[in-house]
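Colleague: Build the full structure now, drawing on both the sequences and the hints.
Number of protein chains: 2
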Amino acid sequence: MSKHKVVFQPVGAKVEVEGESNILEAAAESGIYINSLCGGEGVCGKCRVQITRGEARPTSHSIRFLSREEINSGFVLACQTEVKNDLEVWVPPEARLEEEQILTTESMVCYQSPQDLEVKDTLDIPSLLYMPMTQKIYLSLPKPSLTDNLADLDRVYREIRKKVQAPTLEISLPSLRSMASMLRENEWQVTATIYPLDEHCIEILSLEPGDTCAENYGIACDIGTTTIVAQLVDLRSGAILGVEASHNQQARYGEDVISRMIYACSRGGLSSIHAAVIEPVNTLIDTLVEKHGVEASNLTAFIAAGNTTMTHLFLGLEPCTIRLEPYIPTANFLPSASAAELNLHLHPNARVTCVPGVSSYVGGDITAGVLASGISNSSQISALIDIGTNGEIVVGNNEWLVCCSASAGPAFEGSGTKCGMRATRGAIQKVHIDSDQVHYETIGGAKVRGICGSGLIDAIAELFRNRIIDPSGKLPRDSDNPRVQQNEGEMEFVLASGDETETGKSVVINESDISNLIKSKGAILAAMRVLLNSVGMSFEGLERIFVAGGFGNYLDVEKAIFIGLLPDIPPERIKFIGNSSLTGARMGLLSRHALARANTLARQMTYLELSVDPKFYDEFVAALFLPHTDMDLYPSVKQVMGS
Amino acid sequence: MSKHKVVFQPVGAKVEVEGESNILEAAAESGIYINSLCGGEGVCGKCRVQITRGEARPTSHSIRFLSREEINSGFVLACQTEVKNDLEVWVPPEARLEEEQILTTESMVCYQSPQDLEVKDTLDIPSLLYMPMTQKIYLSLPKPSLTDNLADLDRVYREIRKKVQAPTLEISLPSLRSMASMLRENEWQVTATIYPLDEHCIEILSLEPGDTCAENYGIACDIGTTTIVAQLVDLRSGAILGVEASHNQQARYGEDVISRMIYACSRGGLSSIHAAVIEPVNTLIDTLVEKHGVEASNLTAFIAAGNTTMTHLFLGLEPCTIRLEPYIPTANFLPSASAAELNLHLHPNARVTCVPGVSSYVGGDITAGVLASGISNSSQISALIDIGTNGEIVVGNNEWLVCCSASAGPAFEGSGTKCGMRATRGAIQKVHIDSDQVHYETIGGAKVRGICGSGLIDAIAELFRNRIIDPSGKLPRDSDNPRVQQNEGEMEFVLASGDETETGKSVVINESDISNLIKSKGAILAAMRVLLNSVGMSFEGLERIFVAGGFGNYLDVEKAIFIGLLPDIPPERIKFIGNSSLTGARMGLLSRHALARANTLARQMTYLELSVDPKFYDEFVAALFLPHTDMDLYPSVKQVMGS
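These protein sequences, in sequence, are chains A and B. Take the first sequence: its position 125, counting from 1, is numbered 125 in this note's numbering, and each next residue is one higher. Take the second sequence: its position 418, counting from 1, is numbered 418 in this note's numbering, and each next residue is one higher.
You may find that some hints are simply not true.
Given that identical chains are not distinguished, each listed pair holds provided it fits within a single copy or across any two copies.
[What the hints assert, rightly or not] Okay, derived cross-link-like pairs now, SDA-like style, lysine to any residue, Cα gap no bigger than 20 Å in a straight line: (1) K474 - T629; (2) K143 - C320; (3) K143 - E325; (4) K418 - G45; (5) K505 - E69; (6) K418 - K430; (7) K430 - V294; (8) K5 - E88; (9) K143 - P326; (10) K505 - G45; (11) K519 - S178; (12) K638 - E70; (13) K291 - A214; (14) K46 - R68; (15) K519 - L624; (16) K46 - F75; (17) K14 - D434.
Hints in this document: simulated from the structure, not taken from any laboratory. Note that the coordinates shown come from a computational prediction; the quantities given were computed from them, not determined experimentally.
Modeller: Shown next, in the form of structure tokens:
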């Protein structure tokens with residue numbers, strides 16, 4: 001097979017590929033990650049690149065997404081174009097997944113930082129419950145003699161039992177192999193790392209020289225579809241020493257879980273997509289270790305929370321059946337593994353655990369969220385809403401919990417929108433409109449690059465409030481508002497003109513964007529209605545709504561209510577809890593009891609499968625209006641807008 | 001470093017060695033195993049070989065064991081002679097460890113064959129207790145649907161719980177990885193192999209397509225210092241399908257456990273000596289699998305019983321501390337491992353367990369022996385004696401058990417004796433002397449090659465009964481018995497003249513041989529006396545003595561009593577139970593309850609460390625007589641011989 005060289009500009013990354021690689025694959029191999037929303041299926045049009053040297057033919061798929069001019073200038077879809085010659089490829093900024101984006105300080109506020117947890121009251125783990133996933137115990141063993149001639153292992157067990165209750169103790173064969181010389185070389189002064197399996201049984205993960213009890217750390221990790229966030233936690237004090245975030249490099253295999261499942265179930269797909277989760281997790285661990293001056297060998301516990309697909313990919317389990325009716329995961333309750341089994345950069349015997357999930361579409365991230373929100377600790381009925389590509393909703397209290405998941409599409413994540421982008425530097429995040437006056441804020445105060453989910457919600461609420469769009473989201477063709485214009489047959493509203501933006505192109509919202517967002521919010525609201533109906537409740541019964549997810553504190557509650565994304569209840573009842581998946585994971589890291597509680601919660605939650613519920617469709621159609629076809633559900637909006 | 005070629009004759013095995021290899025090491029590398037009783041320390045003189053081409057200098061050590069003539073003809077000690085030139089080496093038959101020896105059909109009767117178990121009564125496992133180490137369960141799973149949407153793992157668990165009680169079920173991550181497609185490709189018809197950890201918890205070792213319940217096998221293995229014996233057991237019926245035996249290839253690193261420990265604790269020694277146990281075990285498994293037409297993948301359980309050193313080497317644990325005061329093993333209760341961890345040729349997830357031991361010198365073989373003998377099931381006080389290089393003794397009943405170990409030296413194994421050999425083809429095993437008439441039987445009826453342990457006991461008893469030797473074991477210098485002669489300053493008795501033997505050299509017993517045997521039997525008798533004294537008992541209190549070990553049924557009980565190896569109690573109270581280590585191991589394989597009992601027994605047995613007991617030395621000295629200095633202990637001998 002012949003080999004071809006490809007150079008990717010403006011970075012200059014080079015790669016040599018053979019056989020049937022397409023440009024998307026070649027780019028990934030060279031370390032350049034091209035946006036591929038659909039996972040290389042040729043249906044999203046996001047991976048547009050320009051061939052600047054060499055020859056490559058666009059396929060029929062490409063033509064759908066490219067203008068004649070673009071085709072003439074050498075634009076192709078990277079995923080649809082095979083490398084058949086040496087090529088130079090220019091990757092436009094909008095097609096690149098930049099590592100840098102998410103790692104800017106500004107964007108970090110999207111993630112819950114330890115200081116400003118709004119739900120601190122529910123996160124305080126009473127000292128009585130504090131029992132980290134792993135513990136270190138210093139053992140000063142009496143030297144054996146003819147009268148005290150216990151075997152080494154029994155000697156270690158005896159000493160551990162003086163300090164902790166442990167009817168049964170276990171150790172693995174490899175740990176035992178070097179025990180004899182290790183104990184003697186260190187004058188019988190050693191530290192045992194223990195992992196309590198349950199009340200009866202404790203496993204000794206490792207024995208090491210001297211007293212290292214002062215250094216015992218764990219990692220709590222939220223494995224999101226888009227972003228991975230890891231916290232370094234001191235297991236002795238519970239203190240968060242640091243937090244780092246990174247792109248989930250699986251994005252190169254598709255932006256949403258469905259595309260990734262399709263990829264994972266293709267030949268060899270699973271192992272590369274599994275590696276693509278492990279790799280960024282390791283990078284985060286490496287960074288945390290280096291920044292905070294701890295030894296990787298003192299990282300003895302790791303806990304991950306993620307949706308069911310992410311958890312499967314993290315552990316290397318086949319995700320294929322999650323995607324297809326009847327939507328069955330391999331497991332919701334996952335076995336723990338050693339760091340070595342997963343190639344994680346921790347102590348090789350460190351324990352790795354995943355927060356259990358409920359079903360294929362309500363995963364461990366939601367269980368962790370329920371744990372963190374504390375909704376199951378109170379008799380008040382509350383809801384947890386995690387807004388992302390999928391919207392997961394849990395409703396209940398300390399006696400019952402019901403949950404469901406609705407596909408919301410990518411609008412809230414800033415994708416699937418003409419000028420959409422993630423909530424990173426340069427994204428419009430807040431909008432105020434006064435007739436043809438538009439006021440906006442960008443993340444980091446930077447020049448405008450696009451609009452993120454919270455900006456979009458703001459903008460649409462403002463357009464609606466100003467009656468620039470009607471309740472169905474349409475822009476009038478005969479508007480005298482200078483910002484309303486027609487472009488390629490579609491009506492759009494100009495938020496920022498070319499001279500305000502970094503690219504020089506104006507940032508707009510068009511009718512398709514509005515329609516997509518209405519569908520997204522409609523799906524979530526409909527899901528919540530069906531869920532509440534299933535337990536004979538209405539919106540008013542909700543004492544509290546906890547909103548989790550990437551929006552963080554950016555989401556303007558009143559505007560979210562105004563467009564009908566959130567129920568019309570007093571705004572003070574709505575709380576943002578940020579990355580509650582991460583918070584719940586950390587709780588599990590610090591308290592075996594919290595982890596046991598997560599297990600109970602996952603078993604307790606009744607899952608409602610909406611995709612087969614005819615009521616969901618009816619509710620969805622009814623919600624495809626701003627704020628809703630039934631204005632009686634939105635009295636506060638009715639008051640402003642009239643009926 | 002320069003390389004040298006060595007050819008070993010008469011086999012013609014060639015090897016190229018470099019550096020500082022000695023001839024013993026070079027031979028092992030070429031596949032020729034030279035007898036090395038002391039493990040290459042230069043102190044046993046067994047590895048004499050003749051240099052027939054090339055030059056090699058004998059060392060001072062060599063000179064001790066070689067006559068001037070032998071040195072002149074090129075004899076050296078293989079372990080003391082470095083290879084510094086190209087060499088041709090002739091390995092005399094007595095210096096070779098022949099694989100073939102032990103594998104002859106005749107020698108197999110040394111091992112307990114399933115048909116002729118003498119202690120059958122104690123081995124019957126009541127059906128209520130039958131619960132093999134691993135079990136297969138056929139699962140015909142209902143296909144998932146939207147209304148029965150349990151995760152795959154929960155679905156498997158649910159079905160298993162219909163068939164067995166299992167509050168907790170566990171599975172490893174690797175087993176989970178292929179579960180989704182495995183279940184679907186096989187239409188939800190699969191077989192689970194389960195391993196009950198305790199009453200609460202069951203581990204799923206594997207899932208495989210279809211119904212394979214009819215095929216579930218285990219291996220029970222006795223890992224002896226000299227010999228390894230493996231039985232193939234049908235775990236469904238308990239039937240023994242086959243048995244194979246082989247040399248423990250560690251013998252190349254020393255014949256006794258002490259030499260092997262010294263070797264194992266030298267650089268790199270442990271991994272090669274570990275491999276040298278695994279290799280012959282695998283050969284036995286391969287042979288069993290082939291002979292009996294079973295699939296290795298249907299071997300799901302393996303249980304080993306061996307002394308503490310062998311168990312350590314089998315698992316790759318450091319044995320170094322066993323040898324040195326205060327004689328501490330790494331562990332008496334060993335963690336189980338997977339077949340893959342130990343590279344055993346079974347199903348990779350097969351469970352491998354070792355019968356637990358009591359101390360450094362009372363190992364799992366003795367625990368298994370106690371289990372098999374049934375002494376702990378009865379209120380009668382019994383003893384178990386395992387006679388080998390070490391003599392282990394257990395005394396007790398269903399309420400208490402005490403045990404000890406005495407170093408008996410190699411005399412009973414046919415080593416350390418001028419014409420000694422193992423109990424294999426051509427060994428004199430039975431002797432009757434009538435003045436100068438000697439009648440003997442050889443194993444397999446073959447031409448005489450030497451004398452084994454049971455033959456030596458017979459011969460010495462007969463020499464004593466005929467008053468050819470006195471109670472101290474001396475041969476008179478002025479005997480008129482033509483078979484009594486002096487040779488190189490030492491008195492000896494000719495059992496077989498040169499024309500009766502295969503080598504043409506006469507087979508004799510000399511005073512050193514007799515003295516060694518008296519020391520060996522003295523050590524065992526003294527140990528038993530100290531043990532009985534510790535519980536305020538004398539010989540008469542023993543209702544039964546079970547004799548285990550390589551002697552098998554060859555040992556003549558009355559003669560063993562006559563020389564003072566066994567206590568003078570009615571011979572019908574003494575029973576041979578052959579390889580009770582293997583029998584006990586098999587019981588553990590077939591019954592979790594039996595294995596749990598072995599654990600209890602190992603904890604229950606009180607170990608007496610004789611090496612620091614001054615009473616032992618006194619008893620030992622008193623026992624260095626035929627049968628004993630205190631003839632009142634041997635009334636039956638006193639009656640025959642007078643006092």
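Colleague: If any of the earlier hints don't hold here, list their numbers in rising order.
Modeller: Of the numbered hints given earlier, those the structure breaks are 7, 11, 12 and 17, listed in rising order.
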